[in-house]
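Student: Got chain A sorted already, so can you dock chain B onto it with the hints?
Below, each chain spelled out in residue letters.
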Amino acid sequence: DAKTTQPPSMDCAEGRAANLPCNHSTISGNEYVYWYRQIHSQGPQYIIHGLKNNETNEMASLIITEDRKSSTLILPHATLRDTAVYYCIVRTLGQAGTALIFGKGTTLSVSS
Amino acid sequence: GAVVSQHPSWVICKSGTSVKIECRSLDFQATTMFWYRQFPKQSLMLMATSNEGSKATYEQGVEKDKFLINHASLTLSTLTVTSAHPEDSSFYICSARSRRDGDTQYFGPGTRLTVL
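Going down the list, the protein sequences come from chains A and B.
Under this note's numbering, the letters of the first sequence match residues 1 to 112, in that order.
Under this note's numbering, the letters of the second sequence match residues 1 to 116, in that order.
Same shape as in the complex, but just chain A:
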């Protein structure tokens, strides 16, 4: 699976949009981009995933560039409860039996 690069940390003011970038320049055509987050002392929480089109759900939006080499997770109105480590993971379609491999992620700190 392709490697991802994320900034180690980001800050965001409560109520503002949090835009978390992820680079995956070696992504191949059959690889999905997944986003998870982990709040302190909890298991990771699934946020969203996509292949090439932008995706939106009740939690966030995922914007994938046309060349698919990078993506941005957008939390439209960050709250204090969104403080967590956010992981961007790329996984090959058809390898659903293989586990997600976690990097170091981005620690997002939301402050009032």
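It cannot be assumed that every hint is accurate.
[Unchecked claim] In silico DSS-like links for lysine-lysine, alpha-carbon gap of 30 Å or less:
| hint | chain 1 | residue 1 | chain 2 | residue 2 |
| --- | --- | --- | --- | --- |
| 1 | B | Lys55 | B | Lys66 |
| 2 | B | Lys41 | B | Lys20 |
| 3 | B | Lys66 | A | Lys52 |
| 4 | B | Lys41 | A | Lys69 |
| 5 | A | Lys3 | B | Lys55 |
| 6 | B | Lys55 | A | Lys52 |
| 7 | A | Lys3 | A | Lys104 |
| 8 | A | Lys3 | A | Lys52 |
| 9 | B | Lys41 | B | Lys66 |
| 10 | B | Lys41 | B | Lys64 |
| 11 | B | Lys64 | B | Lys20 |
| 12 | B | Lys41 | B | Lys14 |
| 13 | B | Lys14 | B | Lys64 |
| 14 | A | Lys104 | B | Lys41 |
| 15 | A | Lys104 | B | Lys20 |
| 16 | B | Lys14 | A | Lys3 |
| 17 | A | Lys104 | A | Lys69 |
| 18 | A | Lys52 | A | Lys104 |
| 19 | A | Lys69 | A | Lys52 |
| 20 | B | Lys20 | A | Lys3 |
Since the hints were made in silico from the structure, they are not lab data.
Quantities reported herein were computed from a predicted structural model and do not represent experimental measurements.
Tutor: Frame of chain A; chain B shown alone:
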């Protein structure tokens, strides 16, 4: 999303004893479950992949005789830490693959193991 539970949420045991951790998929069937552990200030590390009805596949460096995994049904996998030692103290997290959600992996809340 799908729900995965773990039990217990935390456990303290004496060195040399064995501890069993249960992982259940509550509202879906999971043919594949995964076990991770996480040390303080580190990311999740995959320990093993568990397929229902077959032997688990362990990652390099994980002792299969120490970390026994059983996946006897489509909703339950167990991890038994045998002869636990203080260095086994960690946060153990399971996840399950949900076919109905495009093979998305959902994670349990984790189990904090402390070995005295």
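Student: For every hint, state whether the structure bears it out.
Tutor: Hints and how they fare:
no.: 1; hint: Lys55(B) with Lys66(B); in the structure: holds, 14 Å
no.: 2; hint: Lys41(B) with Lys20(B); in the structure: holds, 24 Å
no.: 3; hint: Lys66(B) with Lys52(A); in the structure: violated, 42 Å
no.: 4; hint: Lys41(B) with Lys69(A); in the structure: holds, 28 Å
no.: 5; hint: Lys3(A) with Lys55(B); in the structure: holds, 29 Å
no.: 6; hint: Lys55(B) with Lys52(A); in the structure: violated, 36 Å
no.: 7; hint: Lys3(A) with Lys104(A); in the structure: holds, 12 Å
no.: 8; hint: Lys3(A) with Lys52(A); in the structure: holds, 17 Å
no.: 9; hint: Lys41(B) with Lys66(B); in the structure: holds, 24 Å
no.: 10; hint: Lys41(B) with Lys64(B); in the structure: holds, 25 Å
no.: 11; hint: Lys64(B) with Lys20(B); in the structure: holds, 14 Å
no.: 12; hint: Lys41(B) with Lys14(B); in the structure: holds, 24 Å
no.: 13; hint: Lys14(B) with Lys64(B); in the structure: holds, 21 Å
no.: 14; hint: Lys104(A) with Lys41(B); in the structure: holds, 10 Å
no.: 15; hint: Lys104(A) with Lys20(B); in the structure: holds, 28 Å
no.: 16; hint: Lys14(B) with Lys3(A); in the structure: violated, 40 Å
no.: 17; hint: Lys104(A) with Lys69(A); in the structure: holds, 19 Å
no.: 18; hint: Lys52(A) with Lys104(A); in the structure: holds, 24 Å
no.: 19; hint: Lys69(A) with Lys52(A); in the structure: holds, 10 Å
no.: 20; hint: Lys20(B) with Lys3(A); in the structure: violated, 34 Å
The structure does not agree with the numbered hints 3, 6, 16, 20 stated previously, though it agrees with the rest.
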